[in-house]
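These protein sequence lines are chains A and B, in that order. Using the working numbering, the letters of the first sequence correspond one by one to residues 1 to 789. Using the working numbering, the letters of the second sequence correspond one by one to residues 1 to 440.
Do not take every clue at face value.
[Said to hold, decoys possible] Straight-line alpha carbon distances no greater than 30 Å define the calculated DSSO-like cross-link-like pairs of lysine-lysine that follow:
1. A:Lys63 - B:Lys409
2. B:Lys12 - B:Lys76
3. A:Lys128 - B:Lys409
It is worth saying that the hints were derived from the structure and are not from the lab. Since the structure is predicted, the reported quantities are computational estimates derived from the model, not experimental observations.
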Amino acid sequence: MADAPKLVNITVNGKKTTAPAGTLLIEACKQIGIEVPSFCYYPGLSLQGACRMCLVEIEKMPKLQTACTTPVAEGMVVNTESEKVVQSRKAMLEIVLANHPLDCPVCDAGGECELQDMTYTYGAAESKFIDIKSHRDEQQWSPVVFFDRPRCILCYRCVRVCGEGMDVWALGVQNRGQGSVIAPNKQDHLECEECGMCIDICPVGALTSGSYRYKTRPWEMNHVGTVCTHCGDGCLTTVGVRRSDTGMEIVRCDNRDKSGINGDFLCVKGRYAFDFAANQERITQPLIKRDGKFVPATWTQAIELVADKFKQVVQKDGPQAIGVIGSNRTTNEENYLLQKFARLVLGTNNIDHHRTADFPAFAKAISENKARTASMRDVFEAPAVLLIGNDPTEQHPLLAWQIRNNVRLHRSKFYIVNSQAIKLRRQATQFVQIPTGAEARFVDFLSGNDAAAGTLTQAGASNENLSQLRDALKGEQNLVVIFGSELRGADISALVKFAAPQNAKFICLGDYANSRGAADMGLFPDLLPGYATFAGAARYQQEWGADVPALVGMDLKQMFGAARDGKLKALYVVGSNPVSRYALDPFVLQAPFVVVQDMFMTETAIAADVILPAAFAYEKSGTFTSTCGDLQMLRKAGDVVSVKSDFEIVVRIAEKMGYDVRKLVPFGKGLRADMGQSRGAQSGEADRHSVWLQARGLEPKVSPFDPLATLDEIQRLIPGYDVSQINLVSGNDEHTQLVQIQNASIPSHPELVVPSNDTLFTSGTLGRYSTVLNSVMERRATGKEVAAD
Amino acid sequence: MAYLVSHPDEVKVISSRFGKGAADIDRYLELDGYKAVQMALQMGSEAVINEVKASNLRGRGGAGFPTGMKWSFVPKESAKPKYVLCNGDESEPGTCKDRLIFEHDPHAVIEGAMIAAIAVNAHKAYIYIRGEYRYLLEIMQKSIADVYARGFAGKNIFGSGYDLDVYWHGGAGAYEVGEESALMESLEGKRGVPRIRPPFPAVVGLWGGPTVINNAETLASVPHIIMMGGQKYADIGTPKNGGTRLFCLSGHLEKPGVYELPMGYNLKKMIYEVGGGISNGRKLKAVVPGGSSTPVLTADEIDIAMDFDSVAKAGSMLGSGGVVVIDDATCIVKFALRTMQFYRHESCGWCIPCREGTDWLNKTLTRFHAGGGLAKDIDNIRYLAENMLGRTFCPLGDAAAMPTIGFVKKFREEFEAHLEGKPCPFEKHGAISQLPVMSH
């Protein structure tokens, strides 16, 4: 580690303070609570000095200086509020506003506009200018990006975040002087990753979102911070919701407060693909199949039917005749509850889920080697990163952002081994292209098998490249090793064994929002929560006060096999689409009684006897575990009348089956405390009092539908999950470590891993029901291509 | 070939080869060309810098920074290559001196750049010429080719073991690129916008290497300084203002043209004797002493020495040597408007006060000159300009603000004469019949 930079003494507005040498004055001021206003300065992006809002007075300098470009120096005496500074700031705002259309009442940014805020704070209420403002027409650059040119104040934040942050470089400046205008890369439209970062970073309402513009005003929404429902990276997102006829309609997603592991970042899916919630095809009432047709039913009818059928099958054919398939999109609490339901209520270990990475093998490798997993934050801080397989730009956009910006801002080293020339190679210290499917052989080579090199060189890499890479990796301490589903089973063990001695940390990439959580929560026929084998069932039985069935259950494919053979009499599918994902024959589902809990009429749901309409991530609370193992809390934002959370549905079925729900959900164990609610909170703000109660475990979990009661149990039982609940409730991420698992006999089934291979714009699960995402794709597919200059 | 003028008071140093066919390399050699560079190679870096320091040569681009001192800021050791850059992006209205040098004595610029390179131990020199000077680019291109053909540039120049490459580069038509950091951006193939400073070019310049950037006239003076000795050169001028400079006399004069006069030459004498007085028997109203960006002097303020310090004392700047003479038939509001039209057109758009300020000044002055002015506009014009001054990203904002403030301050009564819908007193037909629609 380099020595910490020297501290220098500075005085700001008479306040003496210190800051590390090289700190920008604007940041040093921020540290002591002094705001120096700025439009163009943005932490982490290159310096501009263009807006001239941050001009301050520095002793011994005749002219005002920009605080955003001036590093602190020993003995510097600064005044940020002198008469001259205040006057200059006000004049600068007058000049910005001179040509800025004052259409605030209809501008999307009205109410959350930095120019409005600064005008309010620093004055400039009167205009001295009476000439006609220059006008330019608004432009649509893509289905989701609109540009209102006169509103633009040319701070170049969008240009920089697109280029430097995203490595897309789709925006630039055209013309000169007053004619200067931000322009897209394809003459009149954008060809980019459609991440919308440019919209988010725009300090005014120049760049607006196609999915949000003119829909509402910021103060009419409730802003709920939760975790993104798409990939496994676990971005925080602020869901903007407003009342509608059918509940709470989701109008916008952005990371409004720049909090969480993703800070500024959200990708195209996270930002726009929430509208599937309001898709016409969404199932909003229970459906029961009668004479081959789905007929609407009440919840009471549907739950009774399901409970009766399950009970019948268990009594008549035995618990082995029922299978349960869980989800990688439902919360940890729901997954945990579901496996408990299967094992205790139904009495079977026939439970599985769609596996997109070999997490059991990963858990085994980590615990065997006493290695540590890396958090998403570690990826941004690591001195070196190794990526084997996967294409994070498409499948893990936040991970790609973290790597890119670690390389850019910290000059970390970055090694890639991939069969494709993935975009991240542009940041790589070394990129080694190997043949498709050769990732395991590469690990073999890393482990010391030089003979494996011969089979790796057909895609461009030479023997020297490979040896060079291996030598370089051996020299990297505190490396973060990231690998995709290309590596499974024993290959993961070999890789962990290779890098663990260098104090490396590891990330195994799974595809969905809670793929990792589904695995951690034990949606396996042969593993209990926390990757415990049945040999270690004692502590679970003690906690649950019930026996865990001893027999290893059927995996997902075996369940379908049993259905075909007539041995499976009932199948309960929660938030999963195995027919499509595993390309299984839906006709085998004709014989058994099939219950599907989902949002849409999927390929699996069509084969169901009962469909129970489920809420999705933004409509419920609970926790998700990101693919890195970062645990975060979801909060309910949206609401659709008559759908229920998977948690509630499972509890209701169990209750109807006559099971004591207290054994299923440990509710009613919380402390009695002051239940008074602070009612002063404005809409859009968190109710701090209830947060305080929750955080201290004082809010009694009085309801069997309260997932937090189950979280308590998860934290008690699952190794690595005993993290600070107070931090979770406050909206922070807590990293869970797998190393606390002590189990060398975790079985692995590499053949059951089926990666979804989604791209930035495609997703077979939720994305296909997103109108916005489809419009982006259509536009790309039809190729309304205009040649660049 | 540009029309040359002369006057007995001239001291011909830089212009000594003008009109003598020195663009031809043989002719240049006959006229003592490429001797200074060989002397510089003998003298070595430190001696060259000392000689230039002794000459009191100050930058001819406009800021007047001592050249020898600038060279001494370049670090001796550098991991990155060092560069010498000749700023030939002459674009300041009223200034046309570099053009003559490139036309009549291009080798002097090359030789000066070579000496500067030797002084800072750089092995690459670039000569950047304003894009609109297409025909000068051809001359420079040939001159550099000739230099290579003779083996004066490239590997082992003059058998000294010193390698030095010289390149030329044409601009794309932006005044802003005359600003040194914008010029480097342009040379690197990017958009011509200025860079954040510090770091200054002497430390981090072209392609991140330490860079000396000098005006073409400055560099053309250097071979003469080496030949005649720094002290002798300094003696021509006034204290701290060594040598001669090319003054570009333009405007309402009987004999406009580029004259080489000693630093410190009296402005009044320059106008009435060298320039032959005001044309058509009119009276002098005002003088812009150093290019369009320098504050105007009234007819009463011109009895001053034309060196950097004296003009500064008089409240203006010596600038780039462009002396623009304005007679009493000229409307100062129109002059201010014409000046602002230029700066509005040339603002690069990077920073808000320059981009928006020049545009609004242009709008207001246009309306004002057309007779649509309001009394408060006069103060607003000054307010706007004063809030640009010293607050823009680069000096272009100052260049637009300084003259504007000067015009309002010194000729307020002419602005007032345009008020209340009255037509321009100097241009009766210029009045507009209908006022522009106001936004509020």
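Consistency of the hints with the structure:
1. The suggested pairing of lysine 63 of chain A with lysine 409 of chain B holds, with an alpha-carbon distance near 22 Å, which does not exceed 30 Å.
2. For the given pair, lysine 12 of chain B sits about 35 Å from lysine 76 of chain B by alpha-carbon distance, which is inconsistent with the 30 Å threshold.
3. Using a Cα cut-off of 30 Å, the hinted pair lysine 128 of chain A and lysine 409 of chain B holds, with the two alpha carbons roughly 19 Å apart.
In the structure shown, a violation is registered for the earlier hint numbered 2 alone.
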